[in-house]
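Knowing the structure of chain A, use the given hints to seat chain B on it.
There are 2 protein chains.
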Amino acid sequence: MEVTNKYVAIKANIDGAPQESDFELKNGSFSLLVKPGSKDVIIKNLYVSIDPYQINRMKIASDSQTTSVFATMIDPGKVIDAYGVGIVIASGNPEFEKDDYVVGLLSWGEYCVYNGPYLNKLDAMGLPLSYYVGALGLSGLTAYAGFFEICKPKKGEKVFVSAASGSVGNLVGQYAKQFGCYVVGCAGSPKKVKLLKEKLGFDEVFNYKEEPDLNLALKRYFPDGIDIYFDNVGAEMLEAAILNMNLHGRIAVCGVISEYTDNGKRAIPDMLSVIYKRITIRGFLAGDHMGMFPEFFSTTIDHLNTGKMQVLEDVSFGLEGVPSAFVGLFRGDNVGKRIVQVSND
Amino acid sequence: MEVTNKYVAIKANIDGAPQESDFELKNGSFSLLVKPGSKDVIIKNLYVSIDPYQINRMKIASDSQTTSVFATMIDPGKVIDAYGVGIVIASGNPEFEKDDYVVGLLSWGEYCVYNGPYLNKLDAMGLPLSYYVGALGLSGLTAYAGFFEICKPKKGEKVFVSAASGSVGNLVGQYAKQFGCYVVGCAGSPKKVKLLKEKLGFDEVFNYKEEPDLNLALKRYFPDGIDIYFDNVGAEMLEAAILNMNLHGRIAVCGVISEYTDNGKRAIPDMLSVIYKRITIRGFLAGDHMGMFPEFFSTTIDHLNTGKMQVLEDVSFGLEGVPSAFVGLFRGDNVGKRIVQVSND
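In the order they appear, the protein sequences are chains A and B. So for the first sequence, the numbering used here puts the first residue at 147; every next one is plus one. So for the second sequence, the numbering used here puts the first residue at 147; every next one is plus one.
Derived by calculation from the structure, the hints in this document are not laboratory data. Here the structure is a predicted model, which means the values were calculated and not measured. Among these hints, one or two may not hold up.
Each pair may be met inside one copy or between any two copies, as identical chains are not told apart.
Heads up, simulated BS3-like pairs for lysine-lysine below, C-alpha to C-alpha not over 27 Å straight-line [claimed, not checked]:
(1) K411 x K365
(2) K365 x K205
(3) K355 x K343
(4) K411 x K205
(5) K323 x K224
(6) K301 x K343
(7) K152 x K345
With the rest of the complex left out, here is chain A:
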């Protein structure tokens, strides 16, 4: 049985900040039947994740080793894989059956067929399915592993989180508070600042757009220095954080969103401070920490059920909205995890 599968594609590789016009909605022909003998799982996508890192897969592949390490580049016109939650329509894999909810690498499309290793059955346990795309999905694991495994916090330490209202940042701040740290975030609007302080319990939050000197801003919020910096933005913020780190400070480099769409924008860190303060700067990807998933999952479910953590998500409806949802990430439009609901459950 063939249907039309609407999906979002890039028209050409993207250079600089993405525009909605860089994308197109395409129609593919899609079979809802499992190929005989295959282990394909045919999935109807329900909620898909809109993540900043995708921009790095859309750029023109250069021959520098920088880009060659990006898992897989996205080809113009082709289906774009993305994390999400879906429902099984048909399955050639005995682990999955029709009407199972699943979570894993789906696509920015209406349907996808899956035959790789990164798909799991999902029991939503009464929580919204969208939670499993963000707080209980890869964003959550990124925040959890990044904070606990990469930053190795101690109670009472002083933690700074940039892009603190972003999908990962807001969770890092909440984990850090629950763990007993002093947490300061930065965000890009008064609305976000208020939300993080009042709803999520950050100790302090500042609007970086209102700070002419980030170094001085950090000195004001961290008179005794920063022990842990969870970096989501890079560039000047990383430079300022390094100047304010304490001895043996740790920096988890999770993302550098301010650099993604501007090739000229880079951090120029003071390496002398890195030496004298014995700072560790460590890049990481959640995929290396899948072993922490059960611990992350049970801790987070518990925090959500007891009201100790809040889910901050920003869900819009309709595949047509994917390009604007994606493009808006780089303007800081989103508050929390940006998700597009592709169809009703």
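The following block gives chain B in isolation, referenced to the frame of chain A:
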């Protein structure tokens, strides 16, 4: 009993590359007698260490946290403390007695009085005293702890060392070879290149001054990428190394000599590579790893006695030569550990 103590001082704080004219030889009055009731140890300096990091203590202290973390700044006109080997003239401390050789924080002078915690008795075990300033002193511990503790090598890994003929770099390369790694160094003259390959057993060495593109040079020497980069220089070399690092690569930041005398010179690392390749960049100081001293010491003594390691040192005679010895470090004049012998044993 009062004598004249000649010592080297800076005339004023130094900005940029040091010149010999920035220094002066001063005469202080110095008592060879222990103050009654004190635990002072009166020492005649024999060999003193000439280290690049001292330049950072000679700069004008700014109010940035960068400089405030540099142990202690050096005041114009004052005695400059420096690592070295000396002989005890008189002691109020029961742990030391007249004619003991000692190693620790002495000074760029003829004599010093010591009452701090960083002094040890020295049994040279038939080896030259100067070895205890370099290969068997803090330079050696820096190389050993930096390589084994910060870089956490595995046999067969590919190691890059910059400033490979410097006091620390040459030892890192030798430890890495002994450990079973593939080792490439870079240095700044054909003579150094030859020495490192032929005498110290580096697998490959290149002259960075002859390489118009450091990224391409590293690709040539590391077609399969770099697992460990031991950074002594910073700036463009760090940038190029990051582009050539393998997944889970480790960078020990020991020094950034190319940045010390040029405030405008900084590395602009590709943080996206740091994330995707999960690179760890870690600044360190040997002082945090004193617990490794016994292991470092016995291993190194053993390697020296069995001829598996060579000592590369560059010893000149006379306190008057300290300024030129120091200034020359930043032109790369030294081959190996630069030491000034202040007086005969």
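For each hint, the structure was consulted:
no. : hint        : verdict
1   : K411 x K365 : both (23 Å within a copy, 25 Å between copies)
2   : K365 x K205 : between (36 Å within a copy, 23 Å between copies)
3   : K355 x K343 : within (17 Å within a copy, 53 Å between copies)
4   : K411 x K205 : within (16 Å within a copy, 29 Å between copies)
5   : K323 x K224 : neither (42 Å within a copy, 48 Å between copies)
6   : K301 x K343 : within (20 Å within a copy, 49 Å between copies)
7   : K152 x K345 : neither (37 Å within a copy, 66 Å between copies)
Checked against the numbered hints above, the structure violates hints 5 and 7; every other hint is satisfied.
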